[in-house]
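Given the coordinates of chain G, work out where chains H, X and V should sit on it, guided by the hints.
Each chain is listed here by its residues.
Protein chains: 4
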Amino acid sequence: MADVFSTIAITCSNNGTNTKDTIDQLIDYLRERGSRIVLSAELPAEIVGAADVAPEEQLAELADLIIAVGGDGTMLSAARLASEGQIPVLGINRGRLGFLADISPNEIKESLDQVLSGNFATEKRLLLKGELWRGDDLVASGLGMNDIVIKRLEPARMLEFKTYVDGQYVNTHGGDGFIAASPTGSTAYALSCGGPIVHPTMDAIVLAPICPHTLSDRPVVIPAVASTDVIMLDYYDSKAEVSGDGEFLAEMLAGDRLHIEAAGTRVQLIHPPGYEYYDVLREKLHWGTDRRNPLRDKNSGQ
Amino acid sequence: MADVFSTIAITCSNNGTNTKDTIDQLIDYLRERGSRIVLSAELPAEIVGAADVAPEEQLAELADLIIAVGGDGTMLSAARLASEGQIPVLGINRGRLGFLADISPNEIKESLDQVLSGNFATEKRLLLKGELWRGDDLVASGLGMNDIVIKRLEPARMLEFKTYVDGQYVNTHGGDGFIAASPTGSTAYALSCGGPIVHPTMDAIVLAPICPHTLSDRPVVIPAVASTDVIMLDYYDSKAEVSGDGEFLAEMLAGDRLHIEAAGTRVQLIHPPGYEYYDVLREKLHWGTDRRNPLRDKNSGQ
Amino acid sequence: MADVFSTIAITCSNNGTNTKDTIDQLIDYLRERGSRIVLSAELPAEIVGAADVAPEEQLAELADLIIAVGGDGTMLSAARLASEGQIPVLGINRGRLGFLADISPNEIKESLDQVLSGNFATEKRLLLKGELWRGDDLVASGLGMNDIVIKRLEPARMLEFKTYVDGQYVNTHGGDGFIAASPTGSTAYALSCGGPIVHPTMDAIVLAPICPHTLSDRPVVIPAVASTDVIMLDYYDSKAEVSGDGEFLAEMLAGDRLHIEAAGTRVQLIHPPGYEYYDVLREKLHWGTDRRNPLRDKNSGQ
Amino acid sequence: MADVFSTIAITCSNNGTNTKDTIDQLIDYLRERGSRIVLSAELPAEIVGAADVAPEEQLAELADLIIAVGGDGTMLSAARLASEGQIPVLGINRGRLGFLADISPNEIKESLDQVLSGNFATEKRLLLKGELWRGDDLVASGLGMNDIVIKRLEPARMLEFKTYVDGQYVNTHGGDGFIAASPTGSTAYALSCGGPIVHPTMDAIVLAPICPHTLSDRPVVIPAVASTDVIMLDYYDSKAEVSGDGEFLAEMLAGDRLHIEAAGTRVQLIHPPGYEYYDVLREKLHWGTDRRNPLRDKNSGQ
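So the protein sequences, as listed, match chains G, H, X and V. So the first sequence is numbered by this note's numbering: it starts at 1 and just counts up by one. So the second sequence is numbered by this note's numbering: it starts at 1 and just counts up by one. So the third sequence is numbered by this note's numbering: it starts at 1 and just counts up by one. So the fourth sequence is numbered by this note's numbering: it starts at 1 and just counts up by one.
Heads up, none of these hints are tricks.
Selected chain V positions facing chain G (in silico; Cβ < 10 Å):
no. : residue
1   : Glu154
2   : Met158
3   : Tyr189
4   : His213
Chain X is nowhere near these chain V residues, computed Cβ spacing over 12 Å in every case:
no. : residue
5   : Asn18
6   : Asp24
7   : Tyr29
8   : Gly34
9   : Leu43
10  : Arg125
11  : Glu131
12  : Gly246
The list that follows gives simulated cross-link-like pairs (lysine-lysine, DSBU-like), each with its CA atoms no further than 30 Å apart:
no. : chain 1 : residue 1 : chain 2 : residue 2
13  : G       : Lys162    : V       : Lys284
14  : H       : Lys162    : X       : Lys284
15  : X       : Lys284    : H       : Lys239
16  : V       : Lys162    : X       : Lys124
17  : X       : Lys129    : H       : Lys239
18  : H       : Lys162    : X       : Lys239
19  : G       : Lys239    : V       : Lys129
Think of the hints as simulated: they come from the structure by calculation, not from any bench. Even glycine gets a Cβ: it sits at the ideal position worked out from N, Cα and C.
The shape of chain G in the complex, shown without the other chains (with noise of 0.2 Å):
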């Protein structure tokens, strides 16, 4: 039975040189099974080997899956590339579970002859798009897996914004900034500024703000078919930087509006089988390993 995919993108962080191995690894598997390989033409020539390239934003259009190995990072950019084509990603962690990536390098030939058969979950996750408006001129766009982030460029200076959601004014904040977090980015930066964890599967936005001076200023979770529009206002001349999981998009003046909502498209993420949320959260916030007060085992379900 041919496999269910047939042309697959491999992208890796840092150029590969922490993942060397691996990558080797993988494409010796896939090649041995058949499959056409694609990696971004960007790489340098001791990853590639003698594998095919493309231009990084090619890689959608080519394959019809996406394999990221590397942490989370990793596996966020490559998710933002694939949703253009609309393919699904796969992530190889470094050896430590991560929330997104969750193959372990030593389990690459059991996980892919698995997914590669047809049997996986595929999961969609929700992308944001932030826009930021300077009157009537759109300054910049950009998609965020986890967040689209307004942070204060210097760091002296308190930030003050309006926010609004789907219209209606909703608060003025002050403060170190702002978050828009999806489900997948409640686990990320939202979650250390006293953000609650989402359920991947719902269409709920998370909006945090960033160590704000009015202690009643919390986190508000809205539907994913909101929009949010959040207001620079003059205070002190501060300025602002607008990210798209953690990666630049524009700097954010007074006046400035910053349009959040739901992209188009979802993310699609495969796990091979056995993937459960739940058991990921567990394992990555030292959930049931209680050292303040160490009680019987709580690691198993039973």
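Just chains H, X and V now, kept in the frame of chain G:
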């Protein structure tokens, strides 16, 4: 043109002791208008006056609208009553805006004119149902428009319990208890326990541990279609209590299982024109009036 | 050279059921060394063996050192006992590092060799005293090495109470209760309620509201020379319980006043060489093992 | 009887643009009273009028009291200036109570009558000193009455850094930065980052991580005699900025060490009779005005 609602039940808190003036005014107005009025048979004679009475649990059958006079607690009780007859609820507060009771006593006439003429907005709010199981026996069950809560009964003892969502093991918790809150309840007790504010239109449930021993044991937002089970563990004979909207449901013992899910019906809240959720939020949480660093007036959305 | 401590009292939790092996090993070692040993007369015969016994409340008079075998709870009890006789306390844990019990069972010999030869560090820890007053009557009083806590008894009812520091009005609180914690207790229950970690050498008391209704009602750190008074208000007949280190002291009614201040004596903790507070903190709080974003190994200070 | 202070320096924010009326009134009053007055030579002519001027850094030598007109930021600057000459500082706010500037413009006459007659309270507040070391070179140093803060300069990059207290390794942190706050600063930026409120008489420093990646990385309160060192690690070339009370001190690179300790002098704050710290706290944090659950009026201590 005939009024949209012809028979109106009136409920109040504390036997109406603090709200007699408002109830009198309301009854006078409704009589003038020609509405039929029915009150709970449990209310004292000086509140009821010449109005018809009926047992509280029949109000929702007899009336096609409940008007609750009092605070948000009165609204919660009225809403649970109303949900059985699938009739809507309208709230008149005690002179200060409530999250749920949003008509001020001094605007009764104007607001009811609008509402009875059909000029109003209806909102459907999630209702939670909790069932306490001891082995195969259903020990108790109840509703919560705000929340279903487990709290320890002996203050000096920690509880230990496991949570499952849709049958999947989530976590083993140590602490003072556990809250499953609807979006409505997200601004009540759950907010004091570090939970997020959830927009009332969302089909979401907030699962929040109370004073959790593990610092990474943070609130989780799950879809309203998901069911949650909490199993109490035996931790030094600690005992717990289950309540719905603050009303006692049952004592919970080690081995007991509390099953929480969305109730079959929703609560229908009625608001006169002009109601806006974020306005209420802003008013109740002192948003936009930051006294630590007073900026310009931030209460207008302009 | 003679040992620094000649008569040693041994205490344990749960009648020694989980720690019999360790107690046996400890008794054998102390006997070899020629120490006099005394245990609580309440312990079962199989724990005591041939050792001398005395009523628990006399242990601090008879001995010049208490060794507590068990968890931090056992240490707290031992410390309150020891404080009356002004003798020091040493803790042997159940195989896992405690905040207070820092000798592992498998290093008893080496550690006690050092301690009994006088090679140890002594730390003085703040002890709190709580007095419950009803009008002019002292209803109950007790000690807390960790904390003095007020908790509501009826889970579904909020408490309302006022706090005063050195007679100055501080705040009116609504919520689940109130904690006055010593620096030692700052890593216990108060930490779960949003309190800071306070270095144990500090003369400080943490006042932390439990699940406060007002979001700006945050923990306050005051000097240990300051006294705190909490007055319970009448809020829908709610009742509360006062405890010291989790041990019941008294029921607290509306109008009652709880007076909290530093006790006249301090607890003397003994640590074998090598003890470092921040090492314990790091181990107990999983610091430096961030699984959300695994960096390099962060557990060494280099 | 002669006034307690004979030469009075006046400072203000923003070149006095928002406070001209108050400064005029203050100068008139002081002149009547026969005080010598000195203002910063950097202020515009329309503010200074006929008063004497001197370079800002000489004000503390020339005067025996500084009166700061403006918000808490103006007070912080004045206090750092005053600390060099060991003279006290008094604050007149812009019409709204500040944490530090507690005289209202409309009570200038009454308050200054009292203060200049010697009827006032003096409070000594901790002042922090930060020194940035690059190898053996002192790159920069500065004071903070509120705090010494490290913040990331590139918003999209996390910082990684190690902390040591009195040379003992404490933790390796990932996040947006780090705050060392005095008790005065505990109600400023540190409060927005989850820190406790620390009574101003305490000899304590709050060490608070900013948006820490690890959820158990909580604020720690240490004695003011302890010194803290923060070493910046190399994390993807991230850069940081060090500031004191929000004033830029230096850029901090990987390998740099920031040394923080109590400055040799304290700030002397002067309050007219009737000042009470908890009253200010209650007013600034909206305590006792709980709009989520409005109880009786809680603003009086009775």
